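My request is simple: use the sequences and hints to build the entire structure.
2 protein chains.
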Amino acid sequence: MRVLEERIREEGLILSETVLKVDSFLNHQVDTELALQIGQEFKTVFGHLPVTKILTVEASGIQFAMAAGIALGVPFIYAKKKKAVTLSEGVYSAPVHSFTRQEDYVISISQKYLGPEDKVLIVDDFLATGAALVGLADIVEESGAQLLGVGCVIEKSFQEGRSLLEKRGIPVHALARISSMAPGEVHFIANEEQIKESAGC
Amino acid sequence: MRVLEERIREEGLILSETVLKVDSFLNHQVDTELALQIGQEFKTVFGHLPVTKILTVEASGIQFAMAAGIALGVPFIYAKKKKAVTLSEGVYSAPVHSFTRQEDYVISISQKYLGPEDKVLIVDDFLATGAALVGLADIVEESGAQLLGVGCVIEKSFQEGRSLLEKRGIPVHALARISSMAPGEVHFIANEEQIKESAGC
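Going down the list, the protein sequences come from chains A and B. Add 393 to the 1-based position in the first sequence for my numbering, that's all there is to it. Add 393 to the 1-based position in the second sequence for my numbering, that's all there is to it.
Hints are not guaranteed to be accurate.
Copies of the same chain look alike in the list, so a pair counts if it fits in one copy or across any two.
[Stated by the list, open to error] Here are the simulated BS3-like cross-link-like pairs (lysine-lysine), alpha carbons at most 27 Å apart as the crow flies:
{"id": "1", "residue 1": "K414", "residue 2": "K474"}
{"id": "2", "residue 1": "K476", "residue 2": "K414"}
{"id": "3", "residue 1": "K414", "residue 2": "K512"}
{"id": "4", "residue 1": "K505", "residue 2": "K436"}
{"id": "5", "residue 1": "K476", "residue 2": "K436"}
{"id": "6", "residue 1": "K414", "residue 2": "K505"}
{"id": "7", "residue 1": "K512", "residue 2": "K475"}
{"id": "8", "residue 1": "K436", "residue 2": "K512"}
{"id": "9", "residue 1": "K414", "residue 2": "K475"}
Hints are computed from structural coordinates only; laboratory data are not their basis. Note that the structure is predicted; figures quoted are calculated from it, not measured.
Here it is as structure tokens:
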């Protein structure tokens, strides 16, 4: 998605070879117009599938789940994040290890809102180590719903998230795929390649 | 907002005289169509004001800040919530006491995204004790921006949030104002009264 790559080049703050901040337009201050375009792009990629619900995790996935929900005309659910202490009843839950913050937490969603009749698209802002997304995929599996795909806004292709998901047979699509970065420069996987790779989705 | 009151009557779970769960359509599973209508309603109320930014707090304010941002054609910012430990640099922050969870936390936003040139509308899902909203109002004041109003989806009118804000001269508007509730029943402040009361906004 060219407009997204341009914004990342212009406004992204690359703090190291693995840390990219996009909080001027994606996940602290949010450009609502761009978020809507991102939702439309998810529709272009996944709109032919019979999605009944979007699933994401609080907080920074919410604006993109909402944008995808608007574009696809379906509701979304955001999983709640809690410190790993006691499990509540009536929820599907999965443990997640955050590599960025070096902490463990549990994500959960109410069993009332997801079941075998649902066909789910998972949406999130970043695909990096894949920890939270694998947790969401586990939750979908536990609920008996069908997981149709994972859509992410930005992928750090040099981390293992995509391969963890694809190993499970989950179609993955990211709107901007970063192959490498360093302070002052960011490289994307070219669009042609991106289209070819995601043609199976 | 009649459609909202109807949904609260139909789907709201009233667990006590102060606790209302609306997680089937507002703040866990989200009805994106209703969220967009809520954004339009905020536009009807605040659209004549020169709002430059919407401000909310993660996580459950995000979908309504986004809806308001879409309707008003402006970006939104969501304040981050952290355990009250150390303060980071470069942020505006305010301490908040959560009465529901009986814990203290700090909300903060980057100083890069709010300044004296901004005219702010604060949006959130609930107005009850007003703790988080007062914290957001403090942040707006600290930034030098102008606070044009506070818009909430649901108000528990029997709690002190509104008066805390109005004492500071802040116009407050809630789309559904609950005067009292108990398991199995919920009472709203009538629409005429609501319009009259908010005519000064």
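Up to 27 Å between alpha-carbons, please classify K505 paired with K436: within, between, both or neither. Within one copy only: 26 Å inside a chain, 32 Å across chains, cut-off 27 Å.
Which holds for K476 with K436 at a C-alpha limit of 27 Å: within a copy, between copies, both or neither? This pair counts as neither: shortest intra-copy Cα distance 33 Å, inter-copy 37 Å.
Cα distance capped at 27 Å. Does K414 pair with K474 within a copy, between copies, both, or neither? Both: 21 Å inside a chain and 18 Å across chains, each within 27 Å.
Checking K476 and K414: alpha-carbon separation at most 27 Å within a copy, between copies, both or neither? both (24 Å within a copy, 21 Å between copies)
Have a look at K436 and K512 and pick one of within, between, both or neither, based on CA distance no larger than 27 Å. within (15 Å within a copy, 33 Å between copies)
Can you tell me if K414 and K512 fall within 27 Å by alpha carbon in one copy, between copies, both or neither? between (32 Å within a copy, 25 Å between copies)
Can you give me the call for K414 and K475, within, between, both or neither, at a CA distance of at most 27 Å? both (23 Å within a copy, 18 Å between copies)
Evaluate K512 and K475 at a C-alpha cut-off of 27 Å and name the case that applies: within, between, both or neither. within (25 Å within a copy, 34 Å between copies)
Between K414 and K505, at a C-alpha cutoff of 27 Å, which is it: within one copy, between copies, both, or neither? between (35 Å within a copy, 13 Å between copies)
The structure does not agree with numbered hint 5 stated previously, though it agrees with all others.
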